[in-house]
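> The lines below spell out each chain.
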Amino acid sequence: MIEVQNLTKYYKDFCAVNRISMTIRKGEILGLLGPNGAGKTTTLRMLTGYLRPTSGTIKVNELNMPEDVLKIKSLIGYLPESAPLYHNMLVYDYLDYVARIKGISDKETRYDRLLRLSELCGLSAIMDKPIADLSKGLKQRVGLAHAMMSDPEILILDEPTSGLDPNQIVEIRDIIKRIGKEKTIVFSTHILSEAEATCDRIAIINNGRVVADDTTLNLKKRVQENSLIRISLQGADPEKALALLKTIDSRLEVTLVDPAEENLVSFEMRSSGDQDFRSDIYLKIKETDWIIVQLAKESQALEKIFRELTREVA
Amino acid sequence: MKQIKTIAVKEFKDYFISPIAYIVISLFLIVTGWFFFSTFFIFDRADLRDFFSLLPLIFSFIIPAVTMRLFSEEKNVGSYETLLTMPVSFTDIALGKFLAATMFTAAMLIPTLSYPLFISLIGEVDIGPVIGGYIGAVFLAAAYCSLGIFASSLTRNQIVAFIIGTALCFTLTILDKLLFFMPAGILPVIEFLGAGSHFATISKGIVDSRDILYFVSVVFISIFSTHIVMHEKN
Chain A
1 MIEVQNLTKY
11 YKDFCAVNRI
21 SMTIRKGEIL
31 GLLGPNGAGK
41 TTTLRMLTGY
51 LRPTSGTIKV
61 NELNMPEDVL
71 KIKSLIGYLP
81 ESAPLYHNML
91 VYDYLDYVAR
101 IKGISDKETR
111 YDRLLRLSEL
121 CGLSAIMDKP
131 IADLSKGLKQ
141 RVGLAHAMMS
151 DPEILILDEP
161 TSGLDPNQIV
171 EIRDIIKRIG
181 KEKTIVFSTH
191 ILSEAEATCD
201 RIAIINNGRV
211 VADDTTLNLK
221 KRVQENSLIR
231 ISLQGADPEK
241 ALALLKTIDS
251 RLEVTLVDPA
261 EENLVSFEMR
271 SSGDQDFRSD
281 IYLKIKETDW
291 IIVQLAKESQ
301 ALEKIFRELT
311 REVA
Chain B
1 MKQIKTIAVK
11 EFKDYFISPI
21 AYIVISLFLI
31 VTGWFFFSTF
41 FIFDRADLRD
51 FFSLLPLIFS
61 FIIPAVTMRL
71 FSEEKNVGSY
81 ETLLTMPVSF
91 TDIALGKFLA
101 ATMFTAAMLI
111 PTLSYPLFIS
121 LIGEVDIGPV
131 IGGYIGAVFL
141 AAAYCSLGIF
151 ASSLTRNQIV
161 AFIIGTALCF
171 TLTILDKLLF
181 FMPAGILPVI
191 EFLGAGSHFA
201 TISKGIVDSR
211 DILYFVSVVF
221 ISIFSTHIVM
231 HEKN
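Chains as they are written, first to last, in the working numbering: chain A, 1 to 314; chain B, 1 to 234.
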């Protein structure tokens with residue numbers, strides 16, 4: 001559906017996007033993940049035709065940018081970051097205007113479309129309000145309705161949930177998931193749990209480069225091979241416990257960490273390979289009179305890979 | 001074509017949603033009304049010559065105020081991005097906004113039709129120069145609107161857009177009044193470049209294709225420059 005080859009964008013001397021290549025298939029929800037300033041927005045803006053790439057090619061449905069830019073624009077619905085809208089217009093007037101520009105000239109069709117979108121995005125109650133009076137979450141929903149106006153095959157959303165409260169985030173995510181069943185969606189975020197919850201595939205961008213691009217499941221598997229176990233013991237002597245834990249397996253790398261609570265001794269154990277050492281640890285501790293208060297395997301796999309891949313910026 | 005109309009209608013309505021329209025129109029009517037009628041009875045002539053001779057000067061301050069927001073505001077709010085990612089071409093956007101501004105200025109002139117009506121009550125008005133004057137005024141407005149739009153496309157700051165717009169329009173207005181500073185060889189060229197002489201001929205009731213061509217050229221060059229600016233800035 002979308003093919004990107006060696007996409008590069010320079011702002012004067014600053015390289016915002018550095019030779020990104022990726023393919024986005026039909027019906028996929030792709031999350032662009034990356035720290036602030038990684039080049040997510042720039043990449044999305046180039047995909048929508050708003051910015052011209054310094055070099056590289058973008059192909060959408062066999063159409064080339066920039067020759068067929070108008071045709072590509074009509075295939076894409078775009079929600080920019082923080083949904084910039086015309087503040088002095090009423091929601092209805094604004095959406096009606098968008099519908100006209102997107103070429104829905106028939107009055108009946110336009111009305112039906114507006115009705116459907118207002119239901120889908122939960123706008124029915126605020127159609128007669130000026131956009132300036134809306135809360136951020138509502139503006140975001142108007143923006144979403146704008147993006148979906150022409151029923152586009154591709155939706156590009158730039159940080160659709162930024163600045164929203166937890167309830168609104170869940171709502172927007174639900175909408176994305178619902179429309180993602182039929183449409184291709186590309187969205188950017190720097191919130192990991194969001195990408196994990198909504199995306200089929202995740203591309204992690206750092207310093208303008210794609211550092212990882214895989215399905216969400218595969219990405220998680222990748223980290224589990226390097227698993228992290230946290231253990232907290234009560235009534236244990238740090239030195240002795242450390243020595244004991246080290247005897248379990250030579251592949252386990254044990255480090256003493258600051259405990260979360262008083263009277264506890266905490267360790268982190270890293271291992272390579274996909275063997276799960278938790279039962280071994282339990283059996284070993286069982287031989288002593290220490291009490292296991294916590295024994296957990298790191299579950300935030302994505303967060304870890306994200307930090308590893310994007311660490312050099314910080 | 002349809003999209004030009006959609007954009008033009010939207011921008012035109014926008015003027016009347018915000019207080020801008022009412023402020024600008026009142027200001028325009030007060031200024032023209034005062035300058036026109038303060039000398040009208042002294043000269044004791046039943047025509048609108050003084051009104052039309054003032055128009056270029058007043059327009060060069062009023063029109064940039066009308067056009068300053070057209071691009072600058074969009075850029076400042078960020079809606080420029082939403083607009084450009086919709087399936088419309090740069091030319092459609094620029095032309096739509098240009099038409100809206102021109103229509104607005106034309107609407108601003110409508111209340112001044114009461115001047116010739118009023119004068120016809122107290123004297124005999126030669127209708128030719130009046131009609132010519134209004135046609136000329138619309139052409140002049142179109143030219144200045146296109147310059148104002150070009151100024152607006154340059155910056156995200158409305159005040160800067162207003163100042164650049166005023167500078168451009170004012171230059172065209174006073175160019176043919178500065179002729180005595182210029183070397184004799186280029187006098188005809190400078191005179192042709194200024195808006196004053198062209199507007200003066202039309203407002204006398206003489207519709208000359210050269211004058212029409214002049215205003216159309218100014219519009220074309222400005223809109224084309226706007227197009228280039230839009231293209232270069234992304």
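Possibly wrong hints are sitting among the right ones.
Residues from chain B shown here face chain A by an in silico Cβ test under 10 angstroms; the list is partial [unchecked claim]:
#1 V77
#2 Y80
#3 E191
Bear in mind the hints are in silico, worked out from the structure with no lab data behind them.
Every residue, glycine too, gets a C-beta built ideally from N, C-alpha and C.
> Would the hint on Y80 of chain B be counted as holding, given a Cβ-Cβ threshold of 10 angstroms to chain A?
Since the shortest Cβ distance to chain A is 8 angstroms, the answer is holds.
> Given E191 of chain B as an interface hint, is its Cβ closer than 10 angstroms to any Cβ of chain A?
41 angstroms, violated
> Verify the interface restraint on V77 of chain B: the C-beta must sit less than 10 angstroms from at least one C-beta of chain A.
5 angstroms, holds
In summary, the structure is inconsistent with hint 3 from the numbered list given earlier, while agreeing with all the others.
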